[in-house]
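Q: Those protein sequence lines, which keep their order, are chains V and F.
Numbering-wise, the working numbering comes out as the position in the first sequence, counting from 1, plus 75.
Numbering-wise, the working numbering comes out as the position in the second sequence, counting from 1, plus 37.
The set of hints was computed from the structure by calculation and includes no laboratory data.
Treat the hints with care, as some may be off.
To be verified - Sample of chain V residues facing chain F (criterion: CB under 10 Å; computed from the structure):
| id | residue |
| --- | --- |
| 1 | Ser197 |
| 2 | Ala204 |
| 3 | Glu212 |
| 4 | Thr217 |
| 5 | Thr220 |
| 6 | Pro222 |
| 7 | Val228 |
| 8 | Tyr327 |
| 9 | Glu330 |
Unchecked claim - Below, computed lysine-lysine pairings styled on DSS-like, alpha-carbon distance capped at 30 Å:
| id | chain 1 | residue 1 | chain 2 | residue 2 |
| --- | --- | --- | --- | --- |
| 10 | V | Lys352 | V | Lys239 |
| 11 | V | Lys234 | F | Lys114 |
| 12 | V | Lys234 | F | Lys82 |
| 13 | V | Lys119 | V | Lys461 |
| 14 | V | Lys234 | V | Lys381 |
| 15 | V | Lys398 | V | Lys461 |
| 16 | V | Lys398 | V | Lys381 |
| 17 | V | Lys381 | V | Lys352 |
| 18 | V | Lys398 | V | Lys239 |
| 19 | F | Lys82 | V | Lys381 |
| 20 | V | Lys381 | V | Lys239 |
| 21 | V | Lys239 | V | Lys95 |
| 22 | V | Lys239 | F | Lys82 |
| 23 | V | Lys95 | V | Lys309 |
| 24 | V | Lys309 | V | Lys352 |
| 25 | V | Lys239 | F | Lys114 |
| 26 | F | Lys114 | V | Lys381 |
| 27 | V | Lys352 | V | Lys398 |
Because the structure is a prediction, the values reported are computed rather than measured.
For each residue, glycine too, the CB sits at the ideal point set by N, CA and C.
Each chain, letter by letter, is given below.
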Amino acid sequence: MARRGVSIIGIGSTPFTVMKERSIKDMATDACNQAILEAGVDRKMIQALYVGNYIGGILEGQETIAPLIANSLGLNPDIPCTKVEGACSSAGIALRQGYLLIAAGVYDLVLVAGVEKMTSASTEKVTMALSAGMDPETDRLTGLTFPGFFAQVARRHIKEYGTKIEHLAMVSVQNHANSVSNPRARFREPTTLEQVLNSRPICDPLKLFDCCPISDGAAAAVLCAADRAHEFTKTPIDIVGSGQATGPSCLYDHEDLTTLPATIRAAHQAYTESGLKPQDIDVVELHNCFTIAEIVDSEDLGFFPKGRGGFAVEEGLTAVDGKVPINPSGGLIAKGHPVGATGLGQLYEVVRQLRGDHENQVQNAEIGLVHNMGGSGTICTVHIVKRRG
Amino acid sequence: MATGAEQIPVARCQDCGHYFAPPVYSCAACGSGRIIEAHLSGRGKLATYTIIRVPPLGFEGQAPYTVAIIELEEGLKVPARLDNDPVSNDLELFTPAHFVARRDGVYWFQIVTQR
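Bound-form chain V, shown alone (with noise of 0.2 Å):
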């Protein structure tokens, strides 16, 4: 079935940092006003809100956060308004509700959001929450933690390819560096190779500075049939390319202890549909929430072999002026990781550099992808963008 192109012609974004005086509907209007004013669409005129979130209602004890948000906004009652949660990937499942939604032909106008509140919570409640994306019969029985899970893949990985301890700290050094331009980052100073591997054990091989910090924020999108972003922007940014996938709920299940299969097969279906291949691609954002899971996703979306990912970054392969140039936001471990909001804090980053004036900008990008993984490689989306020629 042909389907009808889809464009982003808004974005907005709050910082991804510690906002502990912020609430969920405060950081949510704010990036959803921001992409509705950047588009210069009539608010009455969205026909649908897509919000991604995933803990705030065991953090914040809030649920129901869409109707909260299109009434903060001031949205249409007419329209429907729909959250929806796939642990830190719920904010690309919302973008890739609205994209199916305008592809389908039933909207030409939707806004799509994510929005996560973390800090004002203990590290302990952080962590219990963030295991809710667990399957609780077995992985969450033992103690695991989602860092836990990484750990696992990272030694598995380090084992059977000879990737270095110093190339998950290369990773974190790279992000801190790419995020010190960032000002929507929650670090903003570079770090050196011998702060990361002298930093404290979380879960053996990881150090706190191979895993992302909690932190708080929103991001926002309007996406518009492609056929009539010609209205609203002279600079849209086309969706050429959407996948979403599963994979197994739980790290024992997955046949290769190194690979996430849910992010191959959701890249498949947006390289399939774009027609575009991995070295199509200008510019990535990808999940990286632990060092190690920059490593996995360069190979598993096809830009490296697998296991030289982590070469792949001793070789200078991802920096900004690289082959691949990866994260150049800061990535979840530089930038910030407010788990709901991420997938579209991404997609805010890519198109900035589509439109050629990101802080951090990446030479004459003109295809991004970003990626965005939730759960324990269950669940992953992947979009291709491309700026109009």
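Using the hints provided, position chain F relative to the given structure of chain V.
A: Just chain F, lined up with the frame of chain V:
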């Protein structure tokens, strides 16, 4: 030093014979609802592991503790806790491990000390 392994209870599909880490409510391989308890040797190897030093609520008193994946000699991978105190980062992957007990739904394994 662990000398022998206890047999490990797992789930098995009565129709297609597929093994699973329990609990399972229908066979994800063939769709059958006829799931029975079966026993495997309890001998396996350490597929990967981590030491949890920042635990979730409910596990604070236990940290640091070792969470692992054991690949049983029959091929099934299961989630496990290692019965090792003090915890150690020096365990080599693929080291033999023996099933000790299943407590509150959690498999406990012991590393087999090499002589």
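Q: Does each hint fit the structure? Answer for all of them.
A: To see whether the hints hold, each was checked on the structure:
no., hint, verdict
1, Ser197, "8 Å, holds"
2, Ala204, "8 Å, holds"
3, Glu212, "6 Å, holds"
4, Thr217, "5 Å, holds"
5, Thr220, "6 Å, holds"
6, Pro222, "7 Å, holds"
7, Val228, "7 Å, holds"
8, Tyr327, "4 Å, holds"
9, Glu330, "9 Å, holds"
10, Lys352(V) to Lys239(V), "28 Å, holds"
11, Lys234(V) to Lys114(F), "18 Å, holds"
12, Lys234(V) to Lys82(F), "14 Å, holds"
13, Lys119(V) to Lys461(V), "28 Å, holds"
14, Lys234(V) to Lys381(V), "13 Å, holds"
15, Lys398(V) to Lys461(V), "18 Å, holds"
16, Lys398(V) to Lys381(V), "17 Å, holds"
17, Lys381(V) to Lys352(V), "17 Å, holds"
18, Lys398(V) to Lys239(V), "21 Å, holds"
19, Lys82(F) to Lys381(V), "23 Å, holds"
20, Lys381(V) to Lys239(V), "15 Å, holds"
21, Lys239(V) to Lys95(V), "37 Å, violated"
22, Lys239(V) to Lys82(F), "23 Å, holds"
23, Lys95(V) to Lys309(V), "37 Å, violated"
24, Lys309(V) to Lys352(V), "27 Å, holds"
25, Lys239(V) to Lys114(F), "25 Å, holds"
26, Lys114(F) to Lys381(V), "22 Å, holds"
27, Lys352(V) to Lys398(V), "14 Å, holds"
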